[in-house]
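Fit chain F to the given chain C structure using the hints.
Line by line, the protein sequences are chains C and F. To convert, take the position in the first sequence, counting from 1, and add 17; that gives the numbering used here. To convert, take the position in the second sequence, counting from 1, and add 88; that gives the numbering used here.
If you're looking for bench data, these hints aren't it; they were derived computationally from the structure. What you are looking at is a predicted structure, and each value in this text was computed from that prediction instead of being measured. Quick reminder that beta carbons are idealized off the backbone N, C-alpha and C, glycines included. Please note: incorrect hints may appear among the correct ones.
As the list claims (entries may be wrong) - Okay, the calculated beta carbon distance ranges per label pair:
hint, chain 1, residue 1, chain 2, residue 2, range
1, F, 182, C, 624, 36 to 46 Å
2, C, 546, F, 120, 38 to 48 Å
3, F, 195, C, 626, 46 to 56 Å
4, F, 196, C, 320, 54 to 64 Å
5, F, 182, C, 673, 25 to 35 Å
6, C, 572, F, 267, 52 to 62 Å
7, F, 267, C, 664, 26 to 36 Å
8, F, 125, C, 673, 17 to 27 Å
9, C, 241, F, 248, 31 to 41 Å
10, C, 678, F, 249, 47 to 57 Å
11, F, 248, C, 312, 56 to 66 Å
12, F, 178, C, 664, 39 to 49 Å
Said to hold, decoys possible - With a straight-line Cα cutoff of 30 Å, these simulated DSSO-like cross-link-like pairs (lysine-lysine) come out:
hint, chain 1, residue 1, chain 2, residue 2
13, C, 514, F, 171
14, C, 212, F, 235
15, F, 171, C, 45
16, F, 160, C, 212
17, F, 235, C, 335
18, C, 45, F, 212
19, C, 45, F, 235
20, C, 326, F, 239
21, F, 235, C, 333
22, F, 120, C, 54
As the list claims (entries may be wrong) - So these bits of chain F aren't anywhere near chain C, every CB distance computed over 10 Å:
hint, residue
23, 133
24, 177
25, 219
26, 244
27, 275
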Amino acid sequence: MAKAPISEEALTEEFGPHLNYVPPGGWKDESIHPAEKLVKTHCCFCGQQCGIQLKVRENQIIGFEPWEDFPFNRGMLCPKGVKRYMQSGHPDRLLTPLMRRPNGFRPATWDESLNFTVGRIRAIQEKYGKDAVAVYGGASLSTEKSYLLGKFARVALGTRHIDYNGRLCMVSAGTAYKLAFGIDRSTIPWSEIPKAEVLFVIGANVGECAPITTDYIWRCRDNGGRLIVADPRMTPITRNADLYLPLRPGTDLALLLGMLHVILQDGLEDREFIRQYTTGFDEVAAYAQQWDVGQAAEVTGVPPDAIEKAARWIGKAKRAILLHARGLEHQSKGVENCSAVVNLALATGNIGREGSGPTMITGQGNGQGGREHGQKCDQLPGQRSLADSAAREYVAGVWGIRPEELPQPGYSAQEIMNAIHSGEIKGLLSMCFNPLVSLPDANFTREALSQLEFFGVIDFFMSETAHHADVVLAGSLHEEEDGLGCSAEGRVIHWQKSIDPPGQARCDSDIIIDIAHRLGRGQYFPFKNPADILEELRVASRGGVADYYGITYERIDREKGIFWPCPGLDHPGTPILFADKKFYTHDGKAHFTRTEWRPSGDPIDDQYPLYLTTGRVVSQYLSGTQTRRIGALVDQYPEPRAELHPRLAQKCGIKDDDWVTVTTRRDDLTLRALVVKTIRPDTVFIPYHWAGTRSANRLTHRTLDPRSKIPEFKVSACKIKLAMGPDTSPDDRGAQHGPARGGA
Amino acid sequence: MFGYEFYIDPSRCIACRSCLQACEECETHRGKSMINFDFIERRESITSAAYVCWHCDEPTCAQVCPADAIKKGEDGVVHSSLKPRCIACSNCVLACPFGIPKMMEPEQQMMKCDMCYDRTSVGKRPMCATVCPSQALAYVRPEEIAKRREKPTNVFYFGEQKITTKVFMMAPAERDAIALDVVDYMWEEIHEVAATTE
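Just chain C, with the same shape it has in the complex (with noise of 0.2 Å):
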């Protein structure tokens, strides 16, 4: 259906964001109200997923408490973390289901709201078949949810289309070391970090995105190890980087190549290694003859010799970790720029060992854990391949059906909101995942919504989104549902139910399981709790790369988590992966990938000759559907900002604060500039957690990595000038607020 029913100002007068600022009973209400349990958890935000406590009292969160024996952070926290308990409670979140009306929406009961839903589900399956209805799920979701929708998606509703927001995050790695390793999992864990003698931080703002491995990162250097960083932008590690790499946005692959050919050049590969535990490395090496550093130098705009010195101090150093997250990852090319970070980690024969290894840094707070077990288009349980009949045949024998009953692999998440567009989706079931914000090119994705017959959402806040909904159900906030979460080590870790859901907001779980059993298909869904859920996921992942067989709640309890795959209850899990250099590959061995060059999918040219790229800061998460309700965290970093190098500034007549006008291909954006010499002159930066008219998406294109199907978040071509003030249209320009369609 699915144009707002009213304007975005009225929606967000009704359901926020608001700012929450003290705790539930004000601030000083706990010394005379003290808590009543510290709940051991862990933060609700990013993939780092730290310990925390949280204090409860009378079914509310009313603050924390560090958790200084998790051995991951030690009561270490970014300021997410520090507020994270301020969601609870908040103001805005939903208490009852909510179905549209022609001027907003009306509370409902859950009976009217999901019999609706599933009438909706039935009625397009009947009249466009199974597929033209999909599920988005979320990689904030705990393990168990994350399994429950996979199942939910292709036993009740039957459909090949179901995709979750990780597909934004992480895929283009996952991919990657699935081709090299035949798993998806970081090869180390963190406490590695302090033990390398170099340490090679490509495309991941460290500080900001994944704060907590900052001091992983010190500590290393307090051992006398050094430090590489390349990024457009000198990110707040930098300061104490013995080598920045200042390279230009997408070249990421150029700067790889040039230093896999230094390290050939001189020799610097571990031959015994490479003979005796690889395949594909002629190939690789042939490739890389090609890019000299003078070419390397040429395409990145990094200085020769600074190329030669990175190449060099990996190659030299008898221990090596590259770290890398999503500057990598969110390119057209993502794939390959992951695969060179792997080749030049195999060529050097730092895996398997101590101190060593190339290492994804997930970003998502499941992002880890959510893509492990089926919420993913071409997945089942495990880690295993939708399109494996073996596996097929596995999990449909845990699920109680026959193995042709399982759907073929189907479209990813940017590839399910071009098919709603293109009108072959026509009903979309989403939970945990804000697509109006943290898709690429949003006026697309508003014109997407728009045309849905049938669009329902499952969610805690009223996010952006789902102003564009038929019927929202009020869902659960992390502390309110036991499951399982893994981080960005592959520690799987236990998320504490701290409280029940408010007023009659449900369980996500439990909203899931009984959509599937108005739509008869309840014999599928037997589950009354996580812990049951938990029982069946154990079995189904089990045999698969991402076994998770031998994990209990108990067992993360006592032992402070658990790193998969753990296939035995008596197994201790595996922290470093590769150990006995044993790769998950068919052959056992560690499989070299050819990289091949390709521009961007936005280049840039006269009419647009700069780069755009996005990302985020540290008081924000993600579509900041939680965390820009967050009183302290918005006052931290109000708005979007362009931040734009001085030289540029110059050139074009901006000075700090100057209102400008950012245009790409798609759209234009007007914001206040924030001009720093941080940043390559070529190059402005825009964060994406806002939405309307301060969304990057807006700016942003829908070119997709081939393989992993990752949106180019990293690289658009643009231009930028001086601007008189702020846009003062409607948020939603382009779609129009025609009178809502009935139904609801």
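For chain F alone, kept in the frame of chain C given last:
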């Protein structure tokens, strides 16, 4: 906490402001943050620094207080002004060489970092140093800090004034004290001092 000391290393700071957010969670001043945070010069660089009170051995703030409202405990912690005594004159705010005390409205009282007295007195670490993701603020044992590249110092010179503090600053390994005046680094000055002490 016995055996633990507070160390500040601005070179580790990543500007995340976790300390600022966590400070206001502290029981004695919930909702108010006592951390001093700044980007050094954002246009020029990403370097930033966060500070707590240095808890001077001879606190200037207490020395200049006309109402005798600022007290140092036996443990060396310098506290916020005593509410019944404080006349909100802001002498301390102006006099502190580190710029730490704050005049709080509407309380009309000087408040400052008390090194999380509510926590350290019951065996917990101060909130800021516990959460700091880069450990630019650290509350650890001396043997732990000895593993770092930099070494701790607690002697500062402000022109003629020499200040020693409870809290340590992490300084480049070759320095014993931190001078903030350019003349202290000038060859002529060093030469002259050497001559007079001979």
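Against the structure, the hints come out as follows:
1. F:182 with C:624: 36 to 46 Å: Cβ of residue 182 of chain F to Cβ of residue 624 of chain C: about 56 Å, so the range 36 to 46 Å is violated.
2. C:546 with F:120: 38 to 48 Å: 42 Å, holds
3. F:195 with C:626: 46 to 56 Å: For residue 626 of chain C against residue 195 of chain F, whose Cβ atoms are near 54 Å apart, the range 46 to 56 Å holds.
4. F:196 with C:320: 54 to 64 Å: 58 Å, holds
5. F:182 with C:673: 25 to 35 Å: 30 Å, holds
6. C:572 with F:267: 52 to 62 Å: 55 Å, holds
7. F:267 with C:664: 26 to 36 Å: 35 Å, holds
8. F:125 with C:673: 17 to 27 Å: 20 Å, holds
9. C:241 with F:248: 31 to 41 Å: 39 Å, holds
10. C:678 with F:249: 47 to 57 Å: 52 Å, holds
11. F:248 with C:312: 56 to 66 Å: 60 Å, holds
12. F:178 with C:664: 39 to 49 Å: This hint holds: roughly 42 Å between Cβ atoms.
13. C:514 with F:171: 42 Å, violated
14. C:212 with F:235: 13 Å, holds
15. F:171 with C:45: With Cα atoms ~18 Å apart, residue 171 of chain F and residue 45 of chain C stay inside 30 Å; holds.
16. F:160 with C:212: At roughly 42 Å apart (the allowed maximum being 30 Å), residue 212 of chain C and residue 160 of chain F break the hint.
17. F:235 with C:335: Given pair residue 235 of chain F, residue 335 of chain C holds - Cα atoms ~21 Å apart, limit 30 Å.
18. C:45 with F:212: 20 Å, holds
19. C:45 with F:235: Since the Cα atoms of residue 45 of chain C and residue 235 of chain F sit roughly 40 Å apart, the hinted pair is violated (cutoff 30 Å).
20. C:326 with F:239: Measuring from Cα to Cα gives roughly 29 Å; hence the hint holds.
21. F:235 with C:333: OK: residue 235 of chain F and residue 333 of chain C at ~25 Å, within 30 Å.
22. F:120 with C:54: 24 Å, holds
23. 133: 7 Å, violated
24. 177: Given that every Cβ of chain C is farther than 10 Å from that of residue 177 of chain F, nearest at about 27 Å, it holds.
25. 219: 4 Å, violated
26. 244: 23 Å, holds
27. 275: 29 Å, holds
Going down the numbered hints, you'll see the structure goes against 1, 13, 16, 19, 23 and 25, while the others check out.
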